[in-house]
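J.: Sequence:
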Amino acid sequence: MKVMEAHSMQKFSLVWLSYGRFVGYSMVTQFKEVVVICSSGICMEEKDLNEGGFAIFYLEEAGRILVPRTPKYLKELVGYTFFMPPPMGLILSCFLADFIDVSVL
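In our numbering, the protein residues as written are 1 to 105.
Bear in mind the hints are in silico, worked out from the structure with no lab data behind them.
If you're wondering where the values come from, they're calculated on a predicted model, not measured in any experiment.
Glycine included, C-beta positions come from ideal geometry on N, C-alpha and C.
A couple of the hints might just be wrong.
[Said to hold, decoys possible] Cross-link-like lysine-lysine pairs, in silico, DSBU-like; alpha carbons within 35 Å at most:
hint: 1; residue 1: Lys47; residue 2: Lys2
hint: 2; residue 1: Lys47; residue 2: Lys75
hint: 3; residue 1: Lys47; residue 2: Lys72
[What the hints assert, rightly or not] The calculated label-pair distances, taken between Cβ atoms and stated as ranges, are:
hint: 4; residue 1: His7; residue 2: Gln30; range: 17 to 23 Å
hint: 5; residue 1: Glu45; residue 2: Gly89; range: 35 to 41 Å
hint: 6; residue 1: Arg69; residue 2: Lys2; range: 40 to 46 Å
hint: 7; residue 1: Arg69; residue 2: Ser26; range: 19 to 25 Å
hint: 8; residue 1: Glu61; residue 2: Cys94; range: 21 to 27 Å
hint: 9; residue 1: Lys72; residue 2: Met27; range: 31 to 37 Å
hint: 10; residue 1: Glu46; residue 2: Asp101; range: 31 to 37 Å
hint: 11; residue 1: Leu92; residue 2: Glu61; range: 21 to 27 Å
hint: 12; residue 1: Met4; residue 2: Leu90; range: 36 to 42 Å
hint: 13; residue 1: Met27; residue 2: Ser93; range: 16 to 22 Å
Please construct the entire structure, taking both the sequences and the accompanying hints into account.
T.: Quick look at the structure:
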């Protein structure tokens with residue numbers, strides 16, 4: 001982070017996989033105001049939930065959104081996934097339900 005600050009970087013993207021999760025999670029705990037976490041909770045502790053580090057407090061709720069079984073949760077997932085989400089209200093729930101049914105097979 002100090003290298004990025006030295007180069008006057010105000011904003012950057014960080015994507016991590018595997019061991020990078022630990023590096024990314026470390027950055028999240030140090031610089032909460034500049035990092036958005038989009039990964040599994042592999043390093044998450046209960047204190048992280050209590051301190052408000054995540055938008056969704058209950059893990060069951062996160063699971064319902066990340067693996068949607070209803071059109072409501074699929075719409076919510078799309079809202080979290082895209083910077084400028086498409087107008088999901090224009091897509092009929094019956095089409096989304098069919099998509100979910102086919103995806104689960």
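J.: Where does the structure disagree with the numbered hints, that is, which hint numbers, in rising order?
T.: 7, 13
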